[in-house]
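Hey, can you piece these two chains together into the complex? The hints should help.
If you're matching them up, the sequences are chains A and B in order. When we follow this note's numbering, the leftmost residue of the first sequence carries the number 70, and every step to the right adds one. When we follow this note's numbering, the leftmost residue of the second sequence carries the number 4, and every step to the right adds one.
A couple of the hints might just be wrong.
[Claimed, not checked] Derived pair list, reagent style SDA-like, types lysine to any residue, alpha-carbon separation capped at 25 Å:
#  : chain 1 : residue 1 : chain 2 : residue 2
1  : B       : LYS284    : A       : LEU154
2  : B       : LYS142    : B       : ARG153
3  : A       : LYS162    : A       : GLU124
4  : B       : LYS284    : A       : ARG146
5  : B       : LYS60     : B       : ALA103
6  : A       : LYS176    : A       : GLU124
7  : B       : LYS284    : A       : ASP219
8  : B       : LYS284    : A       : ARG155
9  : B       : LYS136    : B       : ALA103
10 : B       : LYS284    : A       : GLY84
Note that these hints are calculated values from the structure, not bench results.
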Amino acid sequence: MALSLEGHTTRAFDGDLSALHIQAVAMGALVIEQVQLAVNAYSNWDRSIATLVLERERKINLYDTEIEEAALQVIARRQPVAQDLRAVFAIDKVVTELERAADEAKKLALAVLAESDSSGFRPGAATAREARQLGRLASVMIRAAMEAFDHLDPVAAASVLQQDLEMDSEYAAALRRILTRAMEDARQVQAVIEAAFIMRSLERIGDHARNIAHHVGFIGGDADPSATGVLPASSVQVRN
Amino acid sequence: MESAVELTGVNVKPSARVSNDEVVLDAPIEAGKTVGNITVADPIFSCRDVDVYYGAKHAIKKVGIDVAKSQVLAMIGPSGCGKSTFLRCLNRMNDTIEGARVEGSILLDGKDIHDKKQDVVQLRARVGMVFQKPNPFPKSIYENVAYGPRIHGLAGDRVELDEIVHNSLQRAGLWEEVKDRLAHPGTSLSGGQQQRLCIARTIAVNPEVILMDEPCSALDPIATARIEDLMEELRQSYAIVIVTHSMQQAARVSQRTAYFHLGDLIEVGETDRIFTNPRHKLTEDYITGRFG
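Isolated chain B (complex conformation) (with noise of 0.2 Å):
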């Protein structure tokens, strides 16, 4: 029956494969030429050439990014690539390290961070910090959220104190599963609500950006999926940049992705596009898991 069938052979000659060159870049980037727009409207962080420096070793290179008010950044990339360490430049972690040294300009509200007038405790309480493991002080509760306050000197009294370690627990999230115990120890809590103890401990002291350096990363998914609920909350007040090594949940959280490699900072765009039509190679071959 089919040789009964005219068959309308025609051989469509295959094309060369389409080269999208003109939009996508295949080699590796020169350093501070990032793709997509490094600019905001109305930056909380203004970050230009930054340099990092590790002894001799040249960990990020000449990188340069704005960070949004109300906005969540997520910074990916391979082990390495710098992510965490350029983290480390917004509230000046990296001068705890011997031989670290970083250069460029990083404006916060306009005003550089390393002016020598900049006073880095200071510093820290306005950009507060979320680290990987949950790092509750050996104190109680109460006083996990209340010794940021105190010594910044937050509080007039007791009253005021109360409120502010009420408050700051209710918007981690994590007032009524602690209200009654208060005075436990903040170790004694699950690792997911130590992470929020963590937060609240942050938030406490007012802070105008809170970084997070892979927050979930010792976290169930339950308790993940809480911090996820609570960054979302969270971005209504603060700018928040989080470093995570799961693409899935810098494609939840985030509105701006920042793809790091061996130290540049390859592609800035909107999570949006970043997950759907990324623009540089690497970046596209890092999130679809091509990579190495």
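Isolated chain A (complex conformation) (with noise of 0.2 Å):
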């Protein structure tokens, strides 16, 4: 059954969804761009761009309080059931992934401005480029994310799933490789440890665009999105 929001008698319930389902869009586009800037931000140790990452950062709030007021009046008003039940519940979880996501890139804005001050916790090249690597994979998976939440399609949101795995690997990897730094060089430890933190935001963002995913495929009635049949249960893992 393909997903749609529309199609109803009630030709007002189909402007009431729909408006839902853009807004929550029109959030992740914000959330795709803060993301991008934060990682800019920090990998270029520049001081505007975390500015504007923060200022920004109250625009998606207030999406996050507007679209949950919009959907407690769609429950209200429509009572929705089925799909409709489902995509108005998902589209509210949506709206959380994407509020913690941008929480996320938040924290590497305020990296930068805590300590563009002082000299000691710049990232150093090679550090910048594991940053930006995993920062460029976080943003792809939140953009493919959210175009599966747009076209509301369940196999493209699966195949988010698989590039979960890739960007588990590389945060792996990245930490291996910034903690072998720190043994080389100990004056290095402390850019190392904030640098650790700023890994771990850029992989939650990536766990975020997954949990989107999986939202998506609950819409499609999917309790669990290895039900799609495009990836095998066993690779599919659901994390908070």
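Shown next as structure tokens:
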């Protein structure tokens, strides 16, 4: 069954559900930009971009509040059931994931703003490269998840789950590399600890993208995204 | 500032939409091929291959379904789908309609209700019915409830009859409201009270099953809530089958839901699942308001 939020006899219901969906997609576009800006701010140690990330954070929180209110209204006025009910639930959860992904991006910006006056924790070229690489993966994942959400496409969503496996191994490898640098030069320890937190944040953004993909599958009626047949059940992990 | 941002532009090719055809069926089903489990462990009613014809019109097509004890089964579907016709098969109310013909097997506690030896009056005492519009007899409240037990000889004397009337009104949640005016006409009560009087009248003859044909469609929300509350209590002792146009009501009161469409029983399932994840597209379209 193709997923569609439209086709109700009451066309106003179509409008309410679509408006909710579109708002969440718009919020997603903003969050993708936030992630890219934050990675840029960190890897180029750019205080002005970091400031911009913090400024835009307010917009994201506003989306979060507005979409939650709109979802409540749809439930109260339309009493959605079946796919419509799953969609409203999933949209609300997607918004929570987006908000948390944006929080991780904010952590990168805060690291730049807190430390840019001192020279201590600025990442070296190699660490900046690691951050750029993980940041690129995180952006790709969240973009793919939001594309799947935009088209309500559970098959595309399942491919994000595959990307998450790649992210996990990249994260583990990057962590190993920066820890090796700390072992080689004890003066690097503080910078490396800071970098490890940054990488953890980027990996978490990937996790939020994976959860968004999971919610798209849920709208399609899958309790388990592996049920789409794209991934073997053993390769799908659900984390918080 | 935005231009300073390194965009990791990635185009995700829109993939083919998922086709859940393995689990969700789009096309109307073949008659008698209902989606979901039509059987229950310990059925009070067991219906198989039931066809109903009104003259040349084939109103119900090869419907098979069990009715479980101590459960509310809700039958939903658009007007003319056959849900009321099927309900009326269960206590042979269709016998009263000229030109109506019922085929197939309907077993009540394992015995065919169309058996020649089956006394229809007795059947309708075992399988009571509550209608859309409250229809109290033009008699007193007391007589409305006492009538059935009296003709079925359920009470030996006046004291026993009083007790049956009292218990029935109590179980129907009406006793406190009418105990001081049992001699008043049944028609003097409000719509909701009249409907509960009809329920008291039905349970006075100790039925095993109560059929309800849109019992709340003429009632306000408060009266509706009282009937729904009553159904939850009554299902401990009786099997209840309800036909309703209100999907919210079906979702609230029933444990199992059956969806009818143009005389076919399309899908049967636990109410929990039907309203969150129905398997047939027709069910999905109907309950989400996408029908037609």
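Status of each hint after checking the structure:
| no. | hint | result |
| --- | --- | --- |
| 1 | LYS284(B) with LEU154(A) | 15 Å, holds |
| 2 | LYS142(B) with ARG153(B) | 14 Å, holds |
| 3 | LYS162(A) with GLU124(A) | 24 Å, holds |
| 4 | LYS284(B) with ARG146(A) | 24 Å, holds |
| 5 | LYS60(B) with ALA103(B) | 9 Å, holds |
| 6 | LYS176(A) with GLU124(A) | 13 Å, holds |
| 7 | LYS284(B) with ASP219(A) | 22 Å, holds |
| 8 | LYS284(B) with ARG155(A) | 15 Å, holds |
| 9 | LYS136(B) with ALA103(B) | 23 Å, holds |
| 10 | LYS284(B) with GLY84(A) | 22 Å, holds |
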